[in-house]
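Enquirer: Got chain U sorted already, so can you dock chain L onto it with the hints?
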Amino acid sequence: MLKEGQVRIPSGCAIAAIIDRKGGMINGSEIIKSIALMHDRSNGLGGGFAAYGIYPEHKDEYAFHIFYENAQAHQSCEDFLFRHFNIDLAERIPTKTIDAISNGPDIWRYFGRVNRVRMKNSRLDESEYVVQCVTKVNSAYDGAYIFSSGKNMGCFKAVGYPEDVGEFYMLDKYDAYLWTAHGRFPTNTPGWWGGAHPFNILDWSIVHNGEISSYDANRRYIEQFGYKCTMQTDTEVITYLFDHLVRHHGLPVNVAADVLTAPEWDEIDRMESEKKEYFTNLRAIYSGALVNGPFSVILGSNKGLLAINDRLKLRSLTAATKGSRAYFASEESAIRIICPEPEKVWSVSGAEPVFVPLEIDEREDD
Amino acid sequence: MSVTAGIRGYSEVNDEIKAELLSKDKVSVTDVNGQRYLGCALAGGKTLEIQGTAGNDLAFCLNGGRIILHGHGQDAVGNTMGGGEIIIHGHAGDALGYGMRDGQIYVRDNVSCRGGIHMKEFRSMKPVLVIGSNAGSFLGEYMAGGTIVLLGLNLKRGEKLFGTHCASGMHGGKIFVRGAFPKENLSPNIKITALDERDKKELDGYLKKYCRYFDADYDEIMKKPFMKLIPETSRPYANLYTAN
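For the record, the sequence lines run as chains U and L.
If you read the first sequence in our numbering, its first letter stands for residue 1, the second for the next number, and so on.
If you read the second sequence in our numbering, its first letter stands for residue 1, the second for the next number, and so on.
This is chain U alone, in the form it adopts within the complex (with noise of 0.2 Å):
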């Protein structure tokens, strides 16, 4: 049976997701709940949701998880990941029995610190380090894919219908201060576990209602620094975009948001002369990692939730906000389900990324 990558798969999806700002916990029940408001967006083919905070008794390590396609795959991603981190913590994710969800692979998470000397010797940084690591086993170990490597954090997806695969993972378990969903229609292939949303790398995590045009152009410029597009879907492709503009290049989010979805020239042939300068400089520096759409993307992070639309705004997202929290979803319906008076309610624009930064800092709270 052909993979995904190696047929066309235009799709139609379902995203959602919710903030709270101030770091108060979010039952993932909520999501659940707003995510499967949309079911008839997806198709049954994939399904799947980020959560932030969810791991605060391991938060200074990473979180591997992994999709074992057969024992040897097991055993051979689990050598290499023991010899370049210390794991604390190696088990199965648990899972719930349930008639919707079937043919999985076997589901492990592994928490750990990286191995220091191999490190050292590496000559990487320690983010690098993991995102090498990481490439390596997607790339080139056949039947594992570590599918969340971020510290307090996880992805959990099936294919499957969103709402089933929450019940799946059960997370209803798991409080978070921020969540995304995604409800997949692939239209021409059976899709696959791993090729369900949402793509992490180290803390970002995409979710994505449309299509990449621009796919090929940005995965040419994205693999010349490393990265490799594994996962055979074109979604992937912004996770690494983001985390290469913010980590590599060190732009703040808003402005890697500016990069992805800088105006059209006509319009930067319009603007003062300043805000001319500021995306003039983006695109020429950028040209390979402006993306085309149509879509929608939320991209969660341990900064915070940022939202775009494709500059000719094709794929609907509506945002509300009420209190210390922020919603976001493909329809107003899956807002309102679980937040009936929100304060503010606007629809995305193609021009105006949203960005709702987190305002504790994570990694010195304890």
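Hint data in this document are derived by calculation from the structure and do not stem from the laboratory.
Everything numeric in this text was worked out from a predicted model, so none of it was measured.
Some hints could be false.
Derived DSS-like pairs: lysine-lysine, alpha-carbon spacing no greater than 25 Å straight-line [as the list claims (entries may be wrong)]: (1) K276/U x K160/L; (2) K183/L x K275/U; (3) K156/L x K344/U; (4) K59/U x K120/U; (5) K208/L x K120/L; (6) K275/U x K156/L; (7) K160/L x K344/U; (8) K276/U x K183/L; (9) K322/U x K156/L; (10) K160/L x K275/U.
Expert: Below, chain L without anything else, positioned relative to chain U:
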């Protein structure tokens, strides 16, 4: 008699509504949470009153019926409607009145992107879209006929009457705009003109209806001047790829 939607699937809710409509001219549906296709192809003489957040394609192919929404609309309200009336006591999402052929839509607040995309008219069929506040980008994209009215009521500081690419590819119909509007967001080939007497009379009818439906102040609305946006040519892309 009313139908309660809750979180039931759209086909179940729509089947119930249709069954009710067989014997009644007016049906209300409450606690709506994103169910699609409500009031789909509703015929003349029938009224559907909705409480909640109506799902995508509300009043799709509306066929003369009347839809009153107490709440907000999502995407593609009045998609390809061929007659009737939609009154929204709230805002609406993207692609409002998509390919609309006849009938009228009144939205109390704002609409998102692509309002009135590819509206068209033919002989006596003249669709009308009245928007109380402002509109997102691509308002009236590829518009081929009919009338859009944009009132700009209750705009907050910094909010513009319409977003970028307004009337992109417009080649028929007209847009009436009230008060200041961002000329830089207008597409090329769009002419800004004054209203003639016929326009004023036509507009007046829509405004009175808007005021009646939403209890708005007619005199207040008339305090700001209206202008008319029309295409300079009926073939804006005639020379996009070739010189002749």
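Enquirer: Now tell me if each hint is right for this structure.
Expert: Status of each hint after checking the structure:
About 20 Å separates the Cα atoms of K276/U and K160/L, which keeps this hinted pair within 25 Å; it holds. Proposed proximity of K183/L and K275/U is supported: the alpha carbons are some 19 Å apart, at most 25 Å. Restraint check for K156/L and K344/U: the C-alpha separation of about 13 Å stays at or below 25 Å, so the hint holds. For a cut-off of 25 Å, the pair hint linking K59/U to K120/U stands: about 23 Å separates their Cα positions.
Taken as a hint, the K208/L and K120/L pair is honoured in the structure, with Cα atoms around 24 Å apart against an allowance of 25 Å. Pair hint K275/U plus K156/L holds up; C-alpha atoms about 23 Å apart against a cutoff of 25 Å. Proposed proximity of K160/L and K344/U is supported: the alpha carbons are some 18 Å apart, at most 25 Å. Taking the CA atoms of K276/U and K183/L, the gap is near 19 Å; set against the 25 Å cutoff, the hint holds.
The suggested pairing of K322/U with K156/L holds, with an alpha-carbon distance near 19 Å, which does not exceed 25 Å. Only pairs whose Cα atoms come within 25 Å are accepted, and K160/L paired with K275/U is accepted, the gap being roughly 19 Å.
Hint violations for this structure: none, all hints satisfied.
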